[in-house]
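Protein chains in written order, with my numbering: chain X, 324 to 639; chain S, 229 to 425.
It is possible that some hints are incorrect.
Below, computed lysine-lysine pairings styled on DSS-like, alpha-carbon distance capped at 25 Å [as the list claims (entries may be wrong)]:
| # | chain 1 | residue 1 | chain 2 | residue 2 |
| --- | --- | --- | --- | --- |
| 1 | S | 342 | X | 506 |
| 2 | X | 590 | X | 575 |
| 3 | S | 284 | S | 274 |
| 4 | X | 590 | S | 274 |
| 5 | X | 431 | S | 329 |
| 6 | X | 590 | X | 438 |
| 7 | S | 423 | X | 506 |
| 8 | S | 423 | X | 590 |
Hints were generated in silico from the structure; no laboratory data involved.
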Amino acid sequence: MKLYSIPLLLFVFLTLGCAHGSHLASSRTPTAVSLQPELITVGSGEEEALPKSPSILVESESESAGSNRTNDNDVNLDYVEEEGEKKKAGIADPLEPFNRAMYHFNDKLYFWVLKPVAQGYKKVVPETARVSVRNFFSNLAAPVRFVNCFLQANFSGAMTEAGRFLVNTIWGIGGFLDPASSKDIKLSKQDEDFGQTLGVYGLGQGFYINWPIFGPSSPRDTAGMVGDLFLHPFSYLNIAGDNSVGVRAYEKVNDNSLSIGDYESLKEAAIDPYVAIRDAYVQSRLKKVNAGRIKTTPVSTGEPNYAPGSGKVPEN
Amino acid sequence: MKRQISVFSISILLLLSLPVYAGAPLDAVQSNVNKVLEVLRDPKLKAASAKEIKKKMLLPIYERMFDGVELSRRSLARHWNAMNAAQRQEFVPLFRKVLEKAYIDKILAYTDEKIVFDRENMISGSQAEVQTRIVTSAKEVPITYRVILKGGDWKVYDVVIENVSLVLNYRTQFNDILAKNTVEYLLETLRKKVKGQ
Numbered sequence: 324m325k326l327y328s329i330p331l332l333l334f335v336f337l338t339l340g341c342a343h344g345s346h347l348a349s350s351r352t353p354t355a356v357s358l359q360p361e362l363i364t365v366g367s368g369e370e371e372a373l374p375k376s377p378s379i380l381v382e383s384e385s386e387s388a389g390s391n392r393t394n395d396n397d398v399n400l401d402y403v404e405e406e407g408e409k410k411k412a413g414i415a416d417p418l419e420p421f422n423r424a425m426y427h428f429n430d431k432l433y434f435w436v437l438k439p440v441a442q443g444y445k446k447v448v449p450e451t452a453r454v455s456v457r458n459f460f461s462n463l464a465a466p467v468r469f470v471n472c473f474l475q476a477n478f479s480g481a482m483t484e485a486g487r488f489l490v491n492t493i494w495g496i497g498g499f500l501d502p503a504s505s506k507d508i509k510l511s512k513q514d515e516d517f518g519q520t521l522g523v524y525g526l527g528q529g530f531y532i533n534w535p536i537f538g539p540s541s542p543r544d545t546a547g548m549v550g551d552l553f554l555h556p557f558s559y560l561n562i563a564g565d566n567s568v569g570v571r572a573y574e575k576v577n578d579n580s581l582s583i584g585d586y587e588s589l590k591e592a593a594i595d596p597y598v599a600i601r602d603a604y605v606q607s608r609l610k611k612v613n614a615g616r617i618k619t620t621p622v623s624t625g626e627p628n629y630a631p632g633s634g635k636v637p638e639n
Numbered sequence: 229m230k231r232q233i234s235v236f237s238i239s240i241l242l243l244l245s246l247p248v249y250a251g252a253p254l255d256a257v258q259s260n261v262n263k264v265l266e267v268l269r270d271p272k273l274k275a276a277s278a279k280e281i282k283k284k285m286l287l288p289i290y291e292r293m294f295d296g297v298e299l300s301r302r303s304l305a306r307h308w309n310a311m312n313a314a315q316r317q318e319f320v321p322l323f324r325k326v327l328e329k330a331y332i333d334k335i336l337a338y339t340d341e342k343i344v345f346d347r348e349n350m351i352s353g354s355q356a357e358v359q360t361r362i363v364t365s366a367k368e369v370p371i372t373y374r375v376i377l378k379g380g381d382w383k384v385y386d387v388v389i390e391n392v393s394l395v396l397n398y399r400t401q402f403n404d405i406l407a408k409n410t411v412e413y414l415l416e417t418l419r420k421k422v423k424g425q
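Looking at chain S on its own, in the form it has when it is part of the complex (with noise of 0.2 Å):
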């Protein structure tokens, strides 16, 4: 009896103890995201003539919580390993920037939504799952951050929201568009997309 009441609480100690020490890519995630809550939620910059300061105060920001070199090889996929160095090095910037005009508004447009966090899931050594959720008073958003442990630290390269893969719609759009046109006319097409905003 008494080594039974041991078991079960050394146990439980493990299980309450477990969280703790899987924290890591949740946390990573939570403090950039309250990184740039703080931005947006920064008094001094509620002036719509601040929108310039806070996009440079949210790039570095940006750089530090996602890899853009992992999204743009893993939404390319197969397409990357057949693009030369100078290519790659023109498509990740360009695809940040394409991905930059099109959602820099909306979150802008931030104002009192709630982010929770919910858990983290590991998916290898290196790999995990961060899920979270937006909400509002009038839905709420699930909203899930792959994130890969580079250097030290762990880093975004895919966002699901409501169970779609930015990546993966990114890459079905890209496998589309390569299979009848050549790399160079994705690359125009975003230089394109970029500069006609």
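Just chain X, with the same shape it has in the complex (with noise of 0.2 Å):
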């Protein structure tokens, strides 16, 4: 009987996993480089439009009919506040000139080295393998991601990682392939760290540090950085030697040469730069942090995301 129980249990957990399913793979290090792929986007959403003077735009608008007169009242309107908007507010910078002065610098180590360095690899190296590379360090960091959904009682998020490992490291050849975010499996990757697990106990950010070479950060984030780094293999097996260092900037270039492009178009749209990789850093931190802890509640309403304007949104 006891025999028979035990692949059931992990049928049942593997299961449970799958329902975080919603959950996307797309695994994200807080550093400026990273952050950009949000922006780009956005300009998918932003498809349109010609070099047109004020004078114009009203003219086309009018064209679509009756449009133009409820657009005129419409400028009139005021803005009014949506419910539980103020907590959205941003971050203490009280390091603001160091963190500008980095800014320049990690955007100068882009431009004059990972950039060139990642154009490079991608010239010699075919995106199917790169993508492999990728899937591979992922899965060599599935610990980091266990044990901080674990530690944010996200049980569920747990089995699946360690379901993810498993199907990955046997059926997707020690990690390159990804089996497991297939349709048929469907365990998709939880973006757990040590930072959002402080953060789901209630630990706020503190303050925007902007470290140079790893980017956006605070000091929640980066003692969470640090945490992660005890339960990363690098640092007990032996893989890497000496050269785990080596091995990193390998895993970043690899990444980068993913990313070309992304941090290009996140900087030409802003208005300034600095303040927008900020903001992008501390958005996106904050609604993974809320995301756990939504999953972490008993009473969980099966969605990911707050709903903006439900007030629910407790201030991180």
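With the hints as a guide, dock the two chains, each given alone in a separate frame, to form the complex.
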């Protein structure tokens, strides 16, 4: 009887894990370079538009029947705050002069070093291989995500990560492929780290720190980054030997090669790129922590993200 | 027993029919996105010289899809209320042009990315979120469109990409600039940005 119950239990856990399929497998580290995907694709929302003078614009608006008058009235309407909006505020930035200097450093680092290296690498290595390399590194970091899901009492998430690790290591040829994310298995990556775990337990960001090389962070997320280092296999296994920094750098180059252009468009779209990147970082972290909180609370609505205006957003 | 079965089957029926009635915001976004894709995929417009034609064709689709005033109002938030009518009238098209300049090349570079429409959540009677994903061979980017019902049409007033809201991102930037400067300074910055690129 006992023999049967173990695989049965495992099956139940895995199925529970599947319920979290909505969590997307977008691996995002809090560095300036990797924050970009968001804004580029904003672009695909903004499809349109010709360089036009304001007067021509008014004409084009009046072309769509009847919309002109409503539009004029609309412009005269004041902005009314939505419920719970104040809580979405930003982050303290007492180190702004230092942070801005580091922003310029990281910017130059990207354009002078990281981007040319990634471009050269991209020319030599085909995309499928680079995606496989990314999968491999991501699979290695599974213990980090597993432990953090566990610490956040997100047990189905932890089981999902355990299942993913098994499936991808065995059927994914050591993690180079990601069969666990396929339609049939549907175990999606749980993007959890120790910074989020601390956040789920109520620790706020504190203030903004823009590290050289590592990019946007805060005291909480910096502590999280160090904490996660202890969970990463590189810190224990001798795979990387003394070259673990080199291996990490390679991982970064590989990631960059898959997102060239993202940082550029974010910078292009921003009025003040420093503030834009800081805000993108704050928004993204806050939303992840809130998603973690909702998963942890027993009264889950099955709604991974808070609805804007619901006023349920815990301050971070 | 019979009664239980009928209650069960009625509730199943209700569950099945719900999405049909709740689909308006998603349909609106999907039909507009499809119109954009039609232009981008048009084999007659493949040549590099057709870029300007494509831009011209995309403009009316954008006008139908997005609510430029709502986008500006929400990005400026309380600063919008402090602006006079003339400043607002100038800001709306300026802001649109800033976005256009930044993103048009990305949009025109579209190749064969798949766009998946996942679901919609009603925020209130007149506001909703439509969740979509752009799937490429290298990654999957979640994009949520926030839409508002105006004059019978669902119009996009915010785009959330991988957890970052466009409106909130610009709001932080505008707040930062307007904390130290005047509205005129912000308008001048935008004018320069539109001209300078």
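Here is what the structure says about each hint:
For the given pair, residue 342/S sits about 15 Å from residue 506/X by alpha-carbon distance, which is consistent with the 25 Å threshold. Taking the CA atoms of residue 590/X and residue 575/X, the gap is near 20 Å; set against the 25 Å cutoff, the hint holds. With a C-alpha separation of about 15 Å, the suggested pairing of residue 284/S with residue 274/S holds against the 25 Å cut-off. Restraint check for residue 590/X and residue 274/S: not satisfied, since their Cα atoms lie roughly 28 Å apart, outside the 25 Å limit.
This hinted pair checks out: residue 431/X and residue 329/S have alpha carbons roughly 23 Å apart, not beyond 25 Å. At roughly 15 Å between alpha-carbon atoms, residue 590/X and residue 438/X fall within 25 Å of each other, so this suggested pair holds. With a CA separation close to 47 Å, the supplied pair residue 423/S and residue 506/X exceeds the 25 Å bound. Between residue 423/S and residue 590/X the alpha-carbon distance is near 16 Å, which keeps this suggested pair within the 25 Å criterion.
Of the numbered hints given earlier, the model fails hints 4, 7; all others are met.
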